[in-house]
Structures are given as C-alpha cells and as structure tokens.
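S.K.: Chain by chain, the residues run as shown.
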Amino acid sequence: MDKKGAAPTLAIFIIFILICAAAALATFQAGHQRQVFTIQQLMAVDVVRATSSTIEGELNQTLQSAIVAAMYEAGVHPENRDVENRVIQFLNERIALGWSYSNENIIVPLCDENSLVLEWLPDGSMRARAYLAAEVRHISGVVANGISLRVNVTPRFERLKKVAEIALDLARTSYYPNLENELNNNYACECLEILIEQNGGLTVTVKDTFAGKVVVT
Amino acid sequence: MAVAIMFLLVVLIGVLLHTFMLTPLRSSTDRQLQLKSEYIYETLATAWVENYTKSYLKAAADNLVLTNPTVPGEYLRSAMENTLDYILPEGYAAEMTLRLYENENMTWELIYPNVGQPTSAEKQFIHSGTISVIRAEAEVENRTILVQATLTLFWGG
Numbered sequence: 399m400d401k402k403g404a405a406p407t408l409a410i411f412i413i414f415i416l417i418c419a420a421a422a423l424a425t426f427q428a429g430h431q432r433q434v435f436t437i438q439q440l441m442a443v444d445v446v447r448a449t450s451s452t453i454e455g456e457l458n459q460t461l462q463s464a465i466v467a468a469m470y471e472a473g474v475h476p477e478n479r480d481v482e483n484r485v486i487q488f489l490n491e492r493i494a495l496g497w498s499y500s501n502e503n504i505i506v507p508l509c510d511e512n513s514l515v516l517e518w519l520p521d522g523s524m525r526a527r528a529y530l531a532a533e534v535r536h537i538s539g540v541v542a543n544g545i546s547l548r549v550n551v552t553p554r555f556e557r558l559k560k561v562a563e564i565a566l567d568l569a570r571t572s573y574y575p576n577l578e579n580e581l582n583n584n585y586a587c588e589c590l591e592i593l594i595e596q597n598g599g600l601t602v603t604v605k606d607t608f609a610g611k612v613v614v615t
Numbered sequence: 380m381a382v383a384i385m386f387l388l389v390v391l392i393g394v395l396l397h398t399f400m401l402t403p404l405r406s407s408t409d410r411q412l413q414l415k416s417e418y419i420y421e422t423l424a425t426a427w428v429e430n431y432t433k434s435y436l437k438a439a440a441d442n443l444v445l446t447n448p449t450v451p452g453e454y455l456r457s458a459m460e461n462t463l464d465y466i467l468p469e470g471y472a473a474e475m476t477l478r479l480y481e482n483e484n485m486t487w488e489l490i491y492p493n494v495g496q497p498t499s500a501e502k503q504f505i506h507s508g509t510i511s512v513i514r515a516e517a518e519v520e521n522r523t524i525l526v527q528a529t530l531t532l533f534w535g536g
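Protein sequence lines correspond, in order, to chains A and B.
So for the first sequence, this note's numbering puts the first residue at 399; every next one is plus one.
So for the second sequence, this note's numbering puts the first residue at 380; every next one is plus one.
For the record, the hints were derived by calculation from the structure and aren't laboratory data.
None of these values were measured; they are calculated from a predicted model.
Virtual Cβ for every residue (Gly too), placed ideally from N, Cα, C.
It is possible that some hints are incorrect.
Said to hold, decoys possible - Chain B side only, calculated, beta carbon under 10 Å to chain A, not exhaustive: (1) Tyr471; (2) Asn493; (3) Gln496.
Claimed, not checked - List of simulated lysine to any residue pairs, SDA-like, C-alpha gap at most 20 Å: (4) Lys559/A with Leu440/A; (5) Lys415/B with Asp480/A; (6) Lys433/B with Gln438/A; (7) Lys502/B with Ile437/A; (8) Lys559/A with Asp480/A; (9) Lys433/B with Ile437/A; (10) Lys415/B with Pro468/B; (11) Lys560/A with Glu588/A; (12) Lys502/B with Ser500/A; (13) Lys433/B with Arg548/A; (14) Lys415/B with Leu440/A; (15) Lys415/B with Arg525/A; (16) Lys559/A with Ser500/A; (17) Lys433/B with Lys560/A; (18) Lys433/B with Asn550/A; (19) Lys433/B with Pro451/B.
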C-alpha cells in the first residue's frame, strides 16, 4: 500500500520543492535588489551632500580671498575705490570657471547685489553673506540645493582709508616735523602702522598690523 | 515525510544564511569609509593650522602657489600629520595631493603614515575638491588660481 502511494507523493513533493525554491529565490532577489538600491541611493545622497559641502567651503574661502584682493586693489587705485563691485566680479569669475565631478551635474548661478550682501562693520571691516540657488544633481536623480556663504574679513579697510586720508591731508596742509611718529603713536593702540614717503609725490601707506598685509596708499 | 522535513530544513537554513550574508555589511563598511574620507577632507579644508588663521588645505595651496607662504612648509606638514594621526581610522593611511590646474607638474603631497603610494589592488576611498585663490592686480584670465585637492584613504596595514 505504501509502495503504491510513493510515486505520486514524491511527484507532489518535487513540485512543492520547485515552487518553494522559486518563491524563495524571487523573494531573496527582490530583497537583495531593495538593499542594493537603498545603498546606492544613500551613497548618492552622501556624494551630492559632500560635493555641495566642498563647493560651499571653497566658495567661502574664495569670497574671503576676493574681499581681501578687492580691498587691496581699491587701496592702491584711488581713482576707483569701489570694493563691493570688485568682490562680486572676482567671485563670479571663480563661479564662471565651474566644477567638474564625475556622475554629477553642478549648476551654481552667478551672484549679484541681490544674492550677496556686503556689510561694512563699525570698525571698518566687512561681513559678507550670500545664498546661491545652486543645484548639485547626481545621475541617479538625487539633488542637493542651495549654497550659503558667510564670511567675516578682519582687515579694517574703511578705517585704514579714513586714517590714510587724515594722514595725507595733514602731510599736505600742515607742518609737523615728526608727523609720521606722531601719527604712529596716536594710532598704535589700533594696531595701525603709518608710513609717509616723498617720492616725487606724497605717498601714505597704512598697514593693519593686527589683521595682515593690507595696504592703503 | 523525511524528504519533506529535509527540504524544509534546507529552506530554513537558506533563509538564515541569506539573513547573515555579509555583502550588505561590506557595502555599509565601504560607505562608512567613504564618509570618513569626506569628513577628513572637510576637516582639513575648514580647520585652521594652530597659530595661523588659515585652513590646512588653504595653507598647503599657498605653499604650492606662493613664493613666501604664510605657514612654513615643514611646520604645515608636521601639523597636518598630527591632525591626521588623530582623525584617521585605525590601520588606514591617507594621501593628500594638491595639484595646480595651470601646471600639473606642480604638486604638493603628503602620505601619513608613510607607507608609500596606494597600489591599484587596494580599495581606495577618494574625495576631491578645489581650492581657489584670488590674485590681486592680475588680468582677468589669470586672476583665479585653481588648485585641485584630492584625499585618498586606503588600508595602510
């Protein structure tokens, strides 16, 4: 009796085995694909976030460098003392060069006076804030939006300019035998160093010894 | 009956093996190391070298570009090695390379610990970025100096 029922039972079990194996395989594959997809998406999120953060960090330093360069140029070119437009121009020149990362499309819009706020602080230094509607898009579709810039620059450009103008005016209109020493004594507490030279024309140089190498003539 | 029980055991063991499969674990470890390389890069890009108001990467770019950099080269290397010693995962080494866009022969390189260049067979976790320096009193085309910075994290043994 047992031997008679063995063949159909075995056949049923084989079919059962095949169906279960196929179902298990499909489940495993689907689970594995879900895991791989999740990991890929997480990696893409990490990548765009890291790229966005790297660009933001770089642009912050570029903005700082641009402000110092603009102050320097405005200082040595008395015919054009416009710092703000120079900063915007220098920063835009960097943005225009663009960025190249594999698997990512990066769009950073140029800044203007609406997106970049430059504030002169009471001590004559400058603070800059900006929000750029940037887009870092990974080929998988993940996107990081926006870059925020915030920079405080230590050179007190407006104060240096004012002191340079005062020193120049005094050197032209008044006679003080030790004007340079007197001025240096007066402004020593502000960490300003003043140099007056007569090389054909009158040149006044004011150095911010606290902040670094910034010169106004 | 015995065949059925054996089959069910095989399926259960298969499920258990699949649950404990190491592939996702390895991927997660790789992801952590990739994040770590980004974290190390960002640390070097934002943290200042002690006694100087410049970040490690900015100071390294200055060393590459300027004749008289603010942070002396040897001091920068020593300070960067100290920082890397603190933030590197155990057993891993980092290679920091800076290369001038205008002239690819001009490079600044640091490997810590000094285990030599990573081989192509080793798994590497790379993060790169750019450092830009604005040059005053320069023509428009020469005003922005671009330096490519690449951090490679690899198993140092």
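S.K.: A separate judgement is required for each hint: does it hold in the structure or not?
M.R.: Hint by hint, here is what the structure shows:
Nearest Cβ of chain A to the Cβ of Tyr471/B: about 18 Å, over the 10 Å cut. The hint is violated. About 26 Å separates the beta-carbon of Asn493/B from the nearest beta-carbon of chain A, more than 10 Å, and the hint is not met. The beta carbon of Gln496/B is not positioned within 10 Å of any beta carbon in chain A (closest approach about 22 Å), and the interface hint is therefore violated. In summary, the hint linking Lys559/A to Leu440/A is not supported, as the alpha carbons are separated by about 52 Å, beyond the 20 Å threshold.
About 43 Å separates the Cα atoms of Lys415/B and Asp480/A, which puts this hinted pair outside 20 Å; it is violated. As the CA atoms of Lys433/B and Gln438/A are separated by approximately 36 Å, the hinted pair breaks the 20 Å bound. For the proposed pair Lys502/B and Ile437/A, the alpha carbon gap of about 18 Å is at most 20 Å, so the pair holds. Distance restraint check for Lys559/A and Asp480/A: the Cα-Cα separation of roughly 12 Å lies within the 20 Å cut-off, and the hinted pair is therefore satisfied.
Note on Lys433/B and Ile437/A: the hinted pairing is violated, with a Cα-Cα distance of about 36 Å set against a maximum of 20 Å. For the suggested pair Lys415/B and Pro468/B, the alpha carbons sit about 8 Å apart, so the restraint of at most 20 Å is met. For the proposed pair Lys560/A and Glu588/A, the alpha carbon gap of about 13 Å is at most 20 Å, so the pair holds. With a CA separation close to 19 Å, the supplied pair Lys502/B and Ser500/A stays within the 20 Å bound.
With a C-alpha separation of about 16 Å, the suggested pairing of Lys433/B with Arg548/A holds against the 20 Å cut-off. Proximity of Lys415/B to Leu440/A is assessed by CA-CA distance (about 15 Å); at most 20 Å being required, the pair is judged to hold. Using a Cα cut-off of 20 Å, the hinted pair Lys415/B and Arg525/A is violated, with the two alpha carbons roughly 32 Å apart. Between Lys559/A and Ser500/A the alpha-carbon distance is near 46 Å, which puts this suggested pair outside the 20 Å criterion.
Only pairs whose Cα atoms come within 20 Å are accepted, and Lys433/B paired with Lys560/A is rejected, the gap being roughly 28 Å. For the given pair, Lys433/B sits about 13 Å from Asn550/A by alpha-carbon distance, which is consistent with the 20 Å threshold. Taken as a hint, the Lys433/B and Pro451/B pair is honoured in the structure, with Cα atoms around 12 Å apart against an allowance of 20 Å.
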